[in-house]
Amino acid sequence: MSLMSLGLVRGLIGQALGTLAGLFLVTLIRVLAGMDPIWAEEPAWVTGAVLGVIGFLIGVGALTDWAKWTVGIPTPLHHGPPVGKPAWVRYFSVDYNHKVIGIQYGVTGLLMLMIGGAFAVIFRTELSRTGLQFLSADTYNTLLSMHGWAALMAILLGIGGMANYLVPLMLGAEDMAFPRLNAFAYWLNVPSIVLLMTSLFFGWDGGWTVYPPLSVIGSVGYQFVFYSIFTLGLSSVLGSLNLIATILRMRPPGMTLFRMPIFCWAILATSMIQLTATQLIGLAFLMVSFERLLGMGFFDFEKGGTPILFQHLFWFYSHPAVYIFVLPGLGIISEILPVFARKPLFGYRWIALSSLAIALVGFLVWGHHMFTSGYAEYLRVPFMLATLLVAVPTGVKFFSWLGTIWGGRLTFPTPMLFVLGAISVFLIGGLSGPILATVASDLHLHDSYFVVGHFHATIFGGFTFPFFAAIYYWYPKITGRMYNEAMGKLHFWIMTPAFWMMSIGQMSVGVMGMRRRIADYDPALGVEFGHILVTIAGFAIAFSILIMIYNLLHSAEVGKVAGANPWRSRSPEWQIPSPVPEHSFAAPIAVVGEPYDYGLPNSTYIRMAGAAGDD
Amino acid sequence: MPKSATDKRHFIIAAALVAVTTVLMDILLKAVLPLPIQASLEALTIDALIGWHLSLIAFLFSLIVVFMLYSIVVFRKRPGDNSDGEHFEGNTTLEIIWTVVPLIAVIIFAFYGINTLAEVTRSEPNEVVVKVNGFQWGWSFEYDGVLSPEMVIPVDQRVRLEMNTRDVIHSFWIPEMRVKQDLVPGQETILRFTPIVTGEYTLACAELCGRSHWSMLAPVRVVSASEFDQWLAQRRAEQNPALVQAGPDTE
Ligand SMILES: [Cu+2]
Ligand SMILES: [Cu+2]
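From first to last, the protein sequence lines stand for chains A and B.
Going by the working numbering, the residue at position 231 of the first sequence is 231; the numbering climbs one at a time, nothing skipped.
Going by the working numbering, the residue at position 2 of the second sequence is 2; the numbering climbs one at a time, nothing skipped.
Mixed in with the good hints there might be a few duds.
[Claimed, not checked] Now the stretches of chain B that chain A is said to cover, found in silico as 3 or more residues with beta-carbon under 8 Å:
1. 71-77
2. 86-94
3. 114-126
4. 152-158
5. 161-171
6. 211-217
7. 228-239
[Unchecked claim] Counterexamples of contact, computed for chain A against chain B with all Cβ distances above 10 Å:
8. Ser5
9. His78
10. Pro86
11. Thr108
12. Leu111
13. Met114
14. Phe119
15. Phe201
16. Pro253
17. Ala341
18. Leu420
19. Pro434
20. His583
If you are wondering where the hints come from, they were derived from the structure by calculation, not from laboratory data.
From the three backbone atoms N, C-alpha and C, an ideal C-beta is built for every residue, glycine too.
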């Protein structure tokens with residue numbers, strides 16, 4: 001088997017060739033037009049970046065079926081591993097099975113999580129003492145900026161993994177509504193990652209927020225970031241479109257919206273945000289790109305623009321994005337709690353509708369990131385009110401979770417531990433929110449380390465902890481084997497206290513006057529001790545994640561055979577064999593009960609056609 | 001231990017624990033989140049707001065964590081017990097209560113928040129005006145034509161900063177004064193505060209502005225009104241060539 005039979009390899013070659021073609025094309029045009037100098041890095045690299053992405057998609061084969069359609073060649077959906085090649089090859093090539101795509105998303109997400117985490121560990125070490133020890137200010141700023149986008153990519157990929165793998169299984173569907181679009185949306189992420197990593201070599205210092213004018217005067221590395229995120233955003237839009245169509249159109253008979261597994265509600269809410277808000281950040285980044293490339297002064301006051309416009313466009317996506325990141329994780333919490341409490345989910349409808357409420361109110365609060373930006377002063381008031389309002393549906397979730405575990409028969413395997421850990425960490429993130437929402441207190445805390453502590457707790461509690469819970473929980477379903485419980489618990493008991501320490505340390509130094517995004521700080525602030533604690537905690541978290549990775553790889557070979565339903569769950573995916581067969585469900589399912597009626601004798605959620613008891 | 005999960009005694013014990021934990025958390029939070037000294041009137045107003053927030057956080061944190069830990073300890077599965085939990089799917093009254101009560105808290109805090117905002121941004125007649133210029137990577141200050149690399153302001157008088165930058169966005173922050181405001185190219189932004197403690201402080205840029213953002217600092221001195229007048233007169237004399245030439249021995 002040659003390396004070229006891997007779609008990934010062909011794609012990367014395609015991206016390299018596309019990039020070279022772009023560089024060549026621009027240079028050729030400049031030569032022919034007699035422009036001086038012949039080499040202009042800005043247009044050359046931008047054209048290279050765009051053609052590189054197209055080259056990747058052609059190379060990997062994500063466009064092949066559609067191209068064949070245009071000339072009338074039929075392309076039946078292929079199921080199963082590629083003919084005449086080892087089974088693992090399908091994970092590195094275009095494959096239309098949602099379970100393969102889910103794994104592709106999830107593994108790529110874990111990979112980006114480690115890369116993004118590694119950036120953080122490096123600059124975190126620099127911050128443990130005052131004085132610049134081993135990083136220059138430029139390198140520090142680049143690592144910090146890279147950390148932001150690498151981590152956000154990891155999150156979007158991780159969510160893609162959970163949604164793609166789980167939603168069709170939970171609906172008893174054979175696949176997503178649009179399998180080819182699904183594969184296309186996944187494969188957009190890979191050239192996007194390549195572009196982001198390339199930006200590292202040029203260096204860029206704007207943070208993930210890339211505010212102009214800084215991002216206009218900076219290195220050409222910014223252009224790679226813009227097109228990387230644009231490509232990532234396109235993936236988000238297409239992926240969410242697919243999920244909405246799947247959830248609305250492919251439910252089995254009897255599964256009304258209020259009888260769906262709750263995770264599907266979370267994904268529906270998330271997808272609604274992704275489908276409608278992502279365009280704004282794509283637009284904002286294109287505008288900065290064009291300002292750099294063509295001198296269009298959208299954000300340049302000397303050309304009739306204003307820098308603040310960018311912030312509105314950016315946060316119109318990037319605040320709702322926080323809910324894109326956390327709603328699926330909160331859905332995982334709601335999904336897993338009843339199983340290990342052996343009790344129904346408390347207030348199903350309230351939890352489902354609170355996701356929608358958060359998603360909708362989330363569109364009206366972006367201005368809370370701009371209280372000090374210099375926009376019209378009165379705007380601070382409506383944005384403060386709308387932001388505080390988010391506390392209400394978020395509170396409903398917390399209280400309903402308590403109602404779910406109250407009076408249960410709780411057991412604490414690793415997934416349950418991570419769910420409880422998630423609640424504790426998300427609580428820290430949630431409770432530190434309102435203090436940033438009331439404008440006057442934000443005037444002190446804005447752009448301080450308090451904010452860093454706040455959003456890391458929100459995102460770890462709302463995404464990372466639930467993501468890990470999901471990995472451990474569905475691992476037996478995916479691989480057919482159990483993970484190592486002792487190692488899982490060790491992971492939890494290192495990561496959770498370390499994370500608490502990190503959050504409290506970050507918030508503490510922030511209140512004392514530590515600014516965000518600085519390569520070094522004044523010893524007179526008295527924050528060095530706090531930074532040492534945060535650094536130790538950061539290392540502990542990174543180490544614990546390595547334990548998980550080892551556990552996942554190792555247990556796939558030696559773990560004990562899990563069986564179809566080790567957690568005694570009622571959800572459809574646990575009623576079929578582990579690992580899930582190629583065509584998940586042998587027969588169509590019908591919903592005959594409530595999803596979470598644990599403790600109600602003689603009740604089931606679904607019935608499979610042809611199974612015992614069916615007539 | 002009461003058998004049923006809805007037995008009143010469970011809730012009485014948990015509520016008592018919440019009360020104790022709230023007090024402890026309130027003390028703990030205020031210890032691990034030490035605010036800098038209160039060097040302005042705004043610091044007094046803002047710290048009071050932060051204090052109320054922290055107390056509310058202490059209560060809500062205790063509420064959730066105590067009920068969670070209580071469940072973990074009391075409702076854990078005992079060895080040999082393979083039964084399921086009690087089957088209840090929800091309680092509409094409870095859901096309405098925990099929607100409406102937080103809503104009321106939100107309205108109270110919003111009202112309080114609006115008032116503090118009005119308080120810290122209010123203008124006064126006879127403000128001391130300082131023109132602040134931020135640039136990559138430093139600060140300069142101008143007092144009616146007199147330039148200075150350090151910011152000197154009189155104590156107990158409202159200061160109005162008129163801030164400008166021409167390169168990128170910066171942000172003005174003296175932690176001891178609490179308030180913060182971005183400087184935006186092409187637009188003058190205003191920040192007001194009233195210093196109440198004389199002393200030396202450090203102004204830092206709070207918005208990432210490129211390579212040396214971390215070291216974009218400037219010294220700030222809050223002095224008595226008479227010292228301020230004296231300092232300003234001296235700076236003016238130093239910068240006015242006519243006066244310098246006229247002076248008998250300026251060297
Ligand atoms: Cu926000
Ligand atoms: Cu700065």
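Hints, one by one, checked against the model:
{"no.": "1", "hint": "71-77", "in the structure": "holds (count 5)"}
{"no.": "2", "hint": "86-94", "in the structure": "holds (count 7)"}
{"no.": "3", "hint": "114-126", "in the structure": "holds (count 6)"}
{"no.": "4", "hint": "152-158", "in the structure": "violated (count 0)"}
{"no.": "5", "hint": "161-171", "in the structure": "holds (count 4)"}
{"no.": "6", "hint": "211-217", "in the structure": "holds (count 6)"}
{"no.": "7", "hint": "228-239", "in the structure": "violated (count 0)"}
{"no.": "8", "hint": "Ser5", "in the structure": "holds (45 Å)"}
{"no.": "9", "hint": "His78", "in the structure": "holds (43 Å)"}
{"no.": "10", "hint": "Pro86", "in the structure": "holds (43 Å)"}
{"no.": "11", "hint": "Thr108", "in the structure": "holds (28 Å)"}
{"no.": "12", "hint": "Leu111", "in the structure": "holds (27 Å)"}
{"no.": "13", "hint": "Met114", "in the structure": "holds (25 Å)"}
{"no.": "14", "hint": "Phe119", "in the structure": "holds (16 Å)"}
{"no.": "15", "hint": "Phe201", "in the structure": "holds (17 Å)"}
{"no.": "16", "hint": "Pro253", "in the structure": "holds (23 Å)"}
{"no.": "17", "hint": "Ala341", "in the structure": "violated (6 Å)"}
{"no.": "18", "hint": "Leu420", "in the structure": "violated (7 Å)"}
{"no.": "19", "hint": "Pro434", "in the structure": "violated (6 Å)"}
{"no.": "20", "hint": "His583", "in the structure": "holds (32 Å)"}
Of the numbered hints listed earlier, those contradicted by the structure are 4, 7, 17, 18 and 19.
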